[in-house]
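*Asks:* Start from the sequences, fold in the hints, and give me the full structure.
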Amino acid sequence: MTLRAVVKGVGHYLPERIVPNSEFEKTLDTSDEWIKSRSGIERRHFAADGETTSNLATKAALAALADSGLVADDIDAMIVATSTADLTFPSAATMVQAQLGMNKGFAFDVQAVCAGFVYALSNANALIVSGQAKRVLVIGAETFSRIMDWTDRGTCVLFGDGAGALILEAQEGTGDKTDRGILSTDLNSDGRYKDILYVDGGVSSQNTGFLRMQGKEVFRHAVEKLAATAHTAMDKAQISAEEVDWVVPHQANIRIIKGTAKKMNVPMDRVIVTVQDHGNTSAASIPLALSVGKSEGKIKPGDVVVTEAIGGGLAWGSVVLRW
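Numbering (our numbering) for the sequence shown: 3 to 325.
Warning: the hint list may mix true and false statements.
To be verified - Think about it this way: if two alpha-carbon atoms lie no more than 27 Å apart in a straight line, the pair counts; the simulated DSS-like pairs of lysine-lysine are:
{"no.": "1", "residue 1": "Lys300", "residue 2": "Lys38"}
{"no.": "2", "residue 1": "Lys264", "residue 2": "Lys179"}
{"no.": "3", "residue 1": "Lys265", "residue 2": "Lys38"}
{"no.": "4", "residue 1": "Lys106", "residue 2": "Lys136"}
{"no.": "5", "residue 1": "Lys218", "residue 2": "Lys260"}
{"no.": "6", "residue 1": "Lys238", "residue 2": "Lys136"}
{"no.": "7", "residue 1": "Lys302", "residue 2": "Lys179"}
{"no.": "8", "residue 1": "Lys179", "residue 2": "Lys300"}
{"no.": "9", "residue 1": "Lys218", "residue 2": "Lys38"}
{"no.": "10", "residue 1": "Lys260", "residue 2": "Lys238"}
{"no.": "11", "residue 1": "Lys38", "residue 2": "Lys260"}
{"no.": "12", "residue 1": "Lys179", "residue 2": "Lys265"}
{"no.": "13", "residue 1": "Lys179", "residue 2": "Lys218"}
{"no.": "14", "residue 1": "Lys238", "residue 2": "Lys264"}
{"no.": "15", "residue 1": "Lys38", "residue 2": "Lys238"}
{"no.": "16", "residue 1": "Lys300", "residue 2": "Lys238"}
{"no.": "17", "residue 1": "Lys196", "residue 2": "Lys265"}
{"no.": "18", "residue 1": "Lys238", "residue 2": "Lys265"}
It is worth saying that the hints were derived from the structure and are not from the lab.
*Replies:* Listed below in structure tokens is the structure:
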């Protein structure tokens, strides 16, 4: 018998406020066409005043629970991937746990920036296959609008707020690639590249800081590293490009998404793309895209899905699963 972490349900939440590219034309030397041509982004959502990351995460979690037919106390563990938690501590995960009325199990945060959800999925998988948890709620949630420098047109037009959630459940499998659930994971990081994507503040620095990015350098690393980690995870799962039904990438930039798909030998009609509607929601982008892909009738039971992401650190990784 092989234990597999199988997707039981998925859901997402987006703040009510929608910000089109044209809104930035009022304060920045930019345009809708400039933003779309460089990123593929047309609009994004921003959290309301007083609306926190844990609030977004809780609403996404409720949607995933409804999709799975479960209630909060059916969950053994919760992992929230975020770089924009409400407070320095406690974790956003424990705050979501309280908001859900989940009175058992354990909850913790994972911080790997845009790669956070992939890292969280890998950790959830390990909890399940080791027998430490039967059901794990994995959430990616961010309020990146709170760390934007609104005078920097190279960054502030790219990011948005939102949350996505996925529930994994332990199920028996045969141990081969026909199993449902997570088939393989691959995680990587290299701290030498800290300065190309970071926030110039934090607790130890005693200021909140703003996101800083060297866009050309991030792009240069992204396509190569994303394709490499996807191929590594696919090789581990013994899955070929022809067997991949859907690539669900981190939604950072349409040019990165297209470049990575090309290197993976997967056509764009098998790639879930939501960047035009959400912008870069960091750790929330993959679960958001998974939820949208399912709700649109694209991702179906039995489909092979490859997720891949890269973020500050640099940190990057991928997960192969059968839906």
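*Asks:* All hints are to be evaluated individually against the structure, with a verdict given for each.
*Replies:* Cross-check of the supplied hints:
1. Lys300 / Lys38: holds, 25 Å
2. Lys264 / Lys179: holds, 24 Å
3. Lys265 / Lys38: holds, 23 Å
4. Lys106 / Lys136: holds, 13 Å
5. Lys218 / Lys260: holds, 16 Å
6. Lys238 / Lys136: holds, 24 Å
7. Lys302 / Lys179: Judged against 27 Å, a Cα distance of about 17 Å means the pair holds.
8. Lys179 / Lys300: holds, 21 Å
9. Lys218 / Lys38: holds, 17 Å
10. Lys260 / Lys238: holds, 23 Å
11. Lys38 / Lys260: holds, 14 Å
12. Lys179 / Lys265: holds, 22 Å
13. Lys179 / Lys218: The hint is violated at about 37 Å.
14. Lys238 / Lys264: holds, 20 Å
15. Lys38 / Lys238: violated, 36 Å
16. Lys300 / Lys238: Between Lys300 and Lys238 the Cα gap is close to 25 Å, so the pair holds against 27 Å.
17. Lys196 / Lys265: OK: Lys196 and Lys265 at ~25 Å, within 27 Å.
18. Lys238 / Lys265: holds, 18 Å
Consistency note: the structure conflicts with the earlier hints numbered 13, 15.
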